[in-house]
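> Chain F is already provided as a structure; the job is to place chain D on it using the hints.
If you read the protein sequences in the order shown, they are chains F and D. Sequential numbering from 528 applies to the first sequence in the numbering used here. Sequential numbering from 528 applies to the second sequence in the numbering used here.
Don't take every hint at face value.
Copies of one chain are not kept apart here, so a pair can be met inside one copy or by any two copies together.
Listed below are the simulated DMTMM-like cross-link pairs for lysine to aspartate or glutamate, each with C-alpha atoms no more than 25 Å apart in a straight line [unchecked claim]:
#1 Lys634 x Glu829
#2 Lys1190 x Asp1045
#3 Lys1057 x Asp1098
#4 Lys1039 x Glu1109
#5 Lys1057 x Asp1102
#6 Lys1176 x Asp1023
#7 Lys634 x Asp1011
#8 Lys747 x Asp1002
#9 Lys1057 x Glu1104
#10 Lys747 x Glu1207
#11 Lys634 x Glu1109
#12 Lys1039 x Glu935
#13 Lys1092 x Asp1045
#14 Lys1176 x Asp1002
#15 Lys1039 x Glu1207
#16 Lys927 x Asp1011
#17 Lys747 x Asp1023
Since the hints were derived computationally from the structure, they do not count as laboratory data.
Number of protein chains: 2
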Amino acid sequence: VYDRARNAVNAAQSWVIISIAGVFIGVNAALISIITEWLSDLKMGYCSDGWWLNQQFCCWEIDGAEEGACSTWRTWSPLAPGRWLIYVLFAMVFSFVAAHLVRSFAKYAAGSGISEIKCILAGFVMQGYLGGWTLIIKSITLPFVIASGLSVGKEGPSVHVACCIGNVVARMFSNFSRSQGKMREILTAASAAGVAVAFGSPIGGVLFSIEEMSHNFSIKTMWRSFLCALVATVTLSVMNPFRTGKLVLFQVTYDRDWHFFEIIFFMIIGAFGGLYGALVIRLHMQVMAFRRKYLANQGVTEAVVLATLTAFFGYFNRFLRIDMTESLAILFRECEDGGDYDNLCQTSAQWRMVNSLFLATTLRILFVVVSYGCKVPAGIFVPSMAIGATFGRMVGIIVKATYRAFPEFGWFAVCQPDVPCITPGTYAFLGAAAALGGVMRITVTVVVIMFELTGALTYILPTMIVLLMTRAVGDLFGTSGIADEMIRFNGYPYLDKEEHGFNIPVSRVMRKEVYSLDGTGMTVHALEQKIRTEQVSGYPIVSRGPGSTLLGYIGRNELNYVLDKARQTQDLTPDMECSFVELQEDVEFTPHLPPTSASPAMGIEDHDAVELIETVTSDNVLKLWPWVNRAPLTVAPQLPLEIVMQIFKRLGPRIILVEQYGKLQGLVTVKDVLRFTTLENSRARPWDEQDVG
Amino acid sequence: VYDRARNAVNAAQSWVIISIAGVFIGVNAALISIITEWLSDLKMGYCSDGWWLNQQFCCWEIDGAEEGACSTWRTWSPLAPGRWLIYVLFAMVFSFVAAHLVRSFAKYAAGSGISEIKCILAGFVMQGYLGGWTLIIKSITLPFVIASGLSVGKEGPSVHVACCIGNVVARMFSNFSRSQGKMREILTAASAAGVAVAFGSPIGGVLFSIEEMSHNFSIKTMWRSFLCALVATVTLSVMNPFRTGKLVLFQVTYDRDWHFFEIIFFMIIGAFGGLYGALVIRLHMQVMAFRRKYLANQGVTEAVVLATLTAFFGYFNRFLRIDMTESLAILFRECEDGGDYDNLCQTSAQWRMVNSLFLATTLRILFVVVSYGCKVPAGIFVPSMAIGATFGRMVGIIVKATYRAFPEFGWFAVCQPDVPCITPGTYAFLGAAAALGGVMRITVTVVVIMFELTGALTYILPTMIVLLMTRAVGDLFGTSGIADEMIRFNGYPYLDKEEHGFNIPVSRVMRKEVYSLDGTGMTVHALEQKIRTEQVSGYPIVSRGPGSTLLGYIGRNELNYVLDKARQTQDLTPDMECSFVELQEDVEFTPHLPPTSASPAMGIEDHDAVELIETVTSDNVLKLWPWVNRAPLTVAPQLPLEIVMQIFKRLGPRIILVEQYGKLQGLVTVKDVLRFTTLENSRARPWDEQDVG
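This is chain F alone, in the form it adopts within the complex (with noise of 0.2 Å):
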């Protein structure tokens, strides 16, 4: 009963926790996305009423009319080179400021995240990645970054955010901050509010959460993230940081059906966004080697130079200029009711608009390439749509055209006459799903993000059919999803989530030079001595005496903690002996110990706090057994490789080691794993050699 009573408050402190992060979560992406919109507006001018207006507040009560007619917003200039060039100087100063309280304060705030907080859930440390400041300053520079016009998204780094946001509040928790295990389920949870709030789209959050960022599915994470993106949500939308009421952010209602002759043109759409993810991740990858050889210690310049020449060509493209939120709406709308944008719509100007879509996809793709990974929080999210969005419209206005010059053709014979027979709006959406698609390699996400994003379900089909064409291509040019890519780069042990085939048995893999420790009859001084020289985290134990059986495992931290007790409050003399063995009368005295005390070896989500027991020595004997993991996770040398990496991703130990008989032959990390398999891929990845090596 008190098992039960204990699990039940511990349930629903997590409960708590999720609630707490979540309704953080949405208050502080709420507060992010006003001064954002606030100070890209500034870039174009200010609210006479107020300074602290923007654009939209300041014209609210002028609805629908032309733009010209709010009187109260002013530009900073009368002049077209005046605007140009207090825009390029607002987009140097908000880089600059971005860049600078970067390097200054909080390093780890650069980039998305995201292949960080991957790793950091499949059980690799980092320490303060995900700490207090790291927040501070990223929600701080977002806006900063977005205003800039860099050409960055502000929805990779609010999944880092939303996750400072969760381990910040659960460290508070004792029971959360002693436990990585529940901790990476705080965290699975608010990566999926982070997307949640980010996109609007809590479905498409509770989905990424499980296709991209976790690493063990189970029901229990998923009902987390369910809550934590619900909660979050609910908050954003109490806030309604827009004052629409809307969470959809570029509602749409396609009430047009798409034709089956269309398909033919979904696909090539879809082959796009697979080119365009492997030609981004190739790409970025060889800016990133540049990068880190010559351009170490240049964040700041780089961050302001980059923002510069955004703004300065960004300027005279009329899809560059604005925000890129605002060019999906316009592209994504359907001509009828308001969307022309510029004459967007009008087919005297058609060949003109692709002209400018053309352009404005091509230099979008290059300073993508060159500002994703600048020194300064930049997600790939909301760009890769943009770009998509771009070339989609582009297609779909070309469809068009070609309709308007042959409506005879066999094709367009189930158009029906009265009704307009292509939306390019809709080339537009299938071509941000299939960019989005193509560059994150995620799927369901995708099409569930789109879906809540525009509410277009009639879509559904071809969004699929889009994203399928999308994934072939992807795997033809042989890439995976550029978080993957940035971890390879970056050389952290993970193990993705692809499955290969290598028909070695692990005893090509592991590390036979192990160091481990005696079962009985080392000193203290010995013990010492050892922890202090060999660097590892732990040491498997060892019968002494010919043929070394395993005993088990103990952790370097267990034996630290147990020594400095034992310095405290008994006398430790060096040629004491250290007994990692349970004796008979060890039994005896203690018979209610737990089966295990702990588990590092098998760093399992370990539910239960590890009850720490007094140490005792008695006949000039250290006891450390109760410390020693008596069945850590152990397999045998013949074992394929595949069968150790799927043990290693599925129930996520650090250390697997390998006996025989009994007998300790050596150990294997995902460290060991993926030197073998880096070396067995690097003939197909050029980059890798290049700066990895």
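Same frame as chain F, now just chain D:
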């Protein structure tokens, strides 16, 4: 290179199989839909233009007008009692045909099949459950059952039918028929397609396969589900069985937003869902126990009696008389455009409607409890949704009436005076989601399915809130989903996905008396004797002499195979010695053997077909060692049971050997774990003891 090419061919093959299965699933679903609709209408009348036309096609030209306006559609009798009699008569005939066919040709076609497929996907083998006969009989009888008016749905069985198709298609390819792992992947994908075509909800199908069906989540499996669901849905939409060109079954456009004060009512609906789930599951289990005891051989009679009773009473309630999907469509609709079925929207009729809806809810619950699980194909998805919808609509009408009565009340202050404030249709929608979530205990899937069914994107947050409440209430009552409870009731070997804490080592659960084989020195005669008398699926190999060192594991099938082979090709004398251990000379002669010839004890996806080597007898020794798995999965006896359960769930082995210091201590299977957990749980679940024990 050769390996890579073979892998590519294998991968391509599985994509082809999945696509073919998808097409067949789509075609089959379309046919079932068409026949079901025709049979359903036949109860009411016939088309004078042609007996093969259903009411919709018979009245195709007459559109939008009143029901009476279609003169080609004739009811069976001009008198109401006559119509009622014929209605009941048809129900009897249909149910008799269905139950009789099931009993005569394919017993496995009864029920929904979801719990059995869950077990099959977890590794349990049920010969014939997914065979051709089951497929044919279930496809034929499903329309009869639905048309008979029994309170059962066709969505659950549709998953079973889809899996049968996947199995039948995949069996034709030797690669797949030989590998259980690959077969399971195909079945998972097929289950996604089954839900996709049943609801017209491809993404919902993919999520269903993740959340409910699949045991191990992997990105690869998700991809296959995605493809299969897409192909099946496209096929269905090309077939276009309803001639509406829509996938969305109950398209609604809720253009009015919800108000925050409504959340309290949404939570009531959510709580109803949880209560409904717990109640139905408990009652249903009791009915099943009763049925098992007294009605084991009365399948046909039972189905006919139930159908007769349902028709007899149901005819008098306006919501029970019509088809369940039709009533869902009516209840979901807003009142404004043509949603006024039988005065449902009239204020004057509101209390009459509340009574009628309450009666429909209660009666339908009763019908569902007794009908689900009778010996015909029967699902519980849509009946649950229908129950939830009637309840939800009732709540909605009451809230609306309250608002009309007290428009000045504080809560209602946010309502705008000129727009209807409460939309009872949305309450019905949420009720359907709640009841479905309550009975199946799936959430993300339900949200997505509800979306894809209706396109009601603005209601995503309320849907999530409702399902959260449902889940909380359901947890309070301590039941799991109906599929899991059925698995437990039937005693299938299945570890559910929830995690438990038992705090005991695996040594308490393992089987200690293990039949094992000596590594050397056993005669063929003794071996044959052992195989004949001991009914086990495989043997651990241990060294002869004191302290049985574990050397490996060999499956029973492998043993039989080798003995048969040896008998055919060589002279096998009964006193020949069997050797399970590799000798030095063997290694020299056969250096190119794979590291492990087969891994039956692991049971983890066996990607490469086992290459069988010719047996060699030399020096009067039968060499069995190439078939020995020398790297079986082993754990130490101190390992906590929870971790062993995780190994079973995440890695999916059939047997785990327990070993300490190289010596075999025992073995543990899923059944051993279940025997223990059932004992632990039985106190909480009274119905388990009554019948399973």
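> Could you run down the list of hints and mark each one as holding or not?
Hint check:
1. Lys634 x Glu829: Classified as within; 15 Å inside a copy, 72 Å across copies.
2. Lys1190 x Asp1045: Classified as both: same-chain Cα gap 13 Å, cross-chain 20 Å, threshold 25 Å.
3. Lys1057 x Asp1098: within (20 Å within a copy, 60 Å between copies)
4. Lys1039 x Glu1109: between (27 Å within a copy, 23 Å between copies)
5. Lys1057 x Asp1102: within (14 Å within a copy, 56 Å between copies)
6. Lys1176 x Asp1023: Intra 9 Å, inter 20 Å, cutoff 25 Å: intra and inter.
7. Lys634 x Asp1011: within (21 Å within a copy, 49 Å between copies)
8. Lys747 x Asp1002: between (32 Å within a copy, 13 Å between copies)
9. Lys1057 x Glu1104: Classified as within; 14 Å inside a copy, 50 Å across copies.
10. Lys747 x Glu1207: Intra 36 Å, inter 21 Å, cutoff 25 Å: inter-copy only.
11. Lys634 x Glu1109: Answer is neither: 48 Å inside a copy and 57 Å across each miss the 25 Å cutoff.
12. Lys1039 x Glu935: This pair counts as neither: shortest intra-copy Cα distance 74 Å, inter-copy 80 Å.
13. Lys1092 x Asp1045: Classified as within: same-chain Cα gap 21 Å, cross-chain 49 Å, threshold 25 Å.
14. Lys1176 x Asp1002: within (22 Å within a copy, 30 Å between copies)
15. Lys1039 x Glu1207: Intra 20 Å, inter 43 Å, cutoff 25 Å: intra-copy only.
16. Lys927 x Asp1011: neither (38 Å within a copy, 53 Å between copies)
17. Lys747 x Asp1023: Both, since 22 Å and 12 Å are each at most 25 Å.
The structure fails to meet hints 11, 12 and 16 from the earlier list, while all remaining hints are met.
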